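Undergrad: Protein chains in written order, with this note's numbering: chain A, 1 to 83; chain B, 84 to 331.
Partial chain A-side listing against chain B, Cβ under 8 Å, derived: (1) K27; (2) L28; (3) E31.
Far from chain A by the CB rule (all over 12 Å, computed), these chain B residues: (4) R114; (5) R190; (6) N212; (7) R225; (8) G248; (9) P258; (10) L304; (11) P325.
No wet-lab data here; the hints were simulated from the structure. Note that this is a predicted model, so its numbers are computed, not measured. Positions of the beta carbon are idealized from the N, C-alpha and C atoms, including for glycine.
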Amino acid sequence: MGGVIPIPKAFLDITGDVCPLTFVKTKLRLEELAPGDVLEVRLQGPEPLQNVPRSAKEEGHRVLAVKHEGACYHLFIQKGEQS
Amino acid sequence: MFTEDQVERYARNILLPGVGGAGQERLARSRVLVIGAGGLGSPAAYYLAAAGVGTIGIVDDDAVEISNLQRQILHATRDIGRPKAVSAGEKLKSLNPDCDVVTHHLRLTADNIAGITAAYQVIVDGTDNFPSRRLINEVCVRQGKPLVHGGVLQFVGQALTILPGRGPCLACIFPEPPGSLPTCAQAGILGAVAGVIGAIQANEALKLLLGLGELLVGRLLSFDALRMRFAEVAVSRDPDCPVCGKPG
Chain A
1 MGGVIPIPKA FLDITGDVCP LTFVKTKLRL EELAPGDVLE VRLQGPEPLQ NVPRSAKEEG
61 HRVLAVKHEG ACYHLFIQKG EQS
Chain B
84 MFTEDQVERY ARNILLPGVG GAGQERLARS RVLVIGAGGL GSPAAYYLAA AGVGTIGIVD
144 DDAVEISNLQ RQILHATRDI GRPKAVSAGE KLKSLNPDCD VVTHHLRLTA DNIAGITAAY
204 QVIVDGTDNF PSRRLINEVC VRQGKPLVHG GVLQFVGQAL TILPGRGPCL ACIFPEPPGS
264 LPTCAQAGIL GAVAGVIGAI QANEALKLLL GLGELLVGRL LSFDALRMRF AEVAVSRDPD
324 CPVCGKPG
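Working from the sequences, and respecting the hints, build out all of it.
TA: Dropping the structure here:
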């Protein structure tokens with residue numbers, strides 16, 4: 001990770017959701033974007049922090065950065081080519 | 084776009100590789116006809132409704148009898164005497180109000196079948212007799228419509244998916260009615276066997292609608308509950324098949 005993060009095309013807040021809806025909503029939002037676009041996801045707690053980036057990678061996306069902000073994390077996911 | 088409730092309802096579908104939101108929307112626009120609201124049609128239709136298939140047609144001209152309840156899981160004791168199509172429709176709608184259920188309380192005949200099947204993308208055959216299966220197979224071949232066949236008896240069952248022109252039709256494999264009809268003593272069926280085969284039919288219909296996986300085309304899947312084994316028999320098109328063979 002590191003380097004310049006492209007400006008996110010979309011923002012999603014999943015701080016109020018639990019597994020599996022955390023990734024369901026992330027997946028649905030990514031589907032609406034074009035390959036290469038970046039989605040910023042705001043999340044809270046160890047479960048989504050562990051699972052959402054892992055699931056995103058498994059589905060062919062790139063996790064560009066995870067930023068800590070107060071009690072939350074901001075995840076920057078770049079949509080992959082074939083998903 | 085999905086509502087919050089729909090995102091939650093279909094979360095486990097949307098998570099699946101190859102389904103996602105696009106696949107779920109495809110299911111919502113899909114139309115499946117389930118013929119027979121009995122032992123096979125009950126589980127098949129129930130899973131299709133649960134999955135979010137947008138329109139499900141149910142054909143059945145029978146009324147619910149107490150002897151049906153051992154395997155026909157869409158019906159309840161209070162439904163005895165009511166039309167099966169109506170009873171089934173209520174359960175599907177209650178399971179998933181997103182699903183548009185069309186009830187056809189009638190017997191399919193050579194005169195009315197084409198008009199009914201024409202309105203659907205995939206046909207699930209849950210009937211239990213050779214003349215009905217032959218009629219359904221013929222109309223599906225004529226209309227080029229995918230057909231998911233299922234059959235059960237005693238402790239065994241079988242399933243096959245028919246893609247007209249791309250694999251064998253039912254008449255390629257079973258050109259003639261079975262030599263002898265089951266006697267009353269042979270007509271037992273373990274309800275859960277119908278559940279297995281009906282669920283397989285639902286799986287095939289969903290794969291067809293989603294364009295996923297390998298279908299049971301050209302391979303007849305059989306299930307033996309006593310030995311708890313599945314077996315597969317390769318079956319091929321009969322070029323002289325009276326139903327799907329090339330004319331001349």
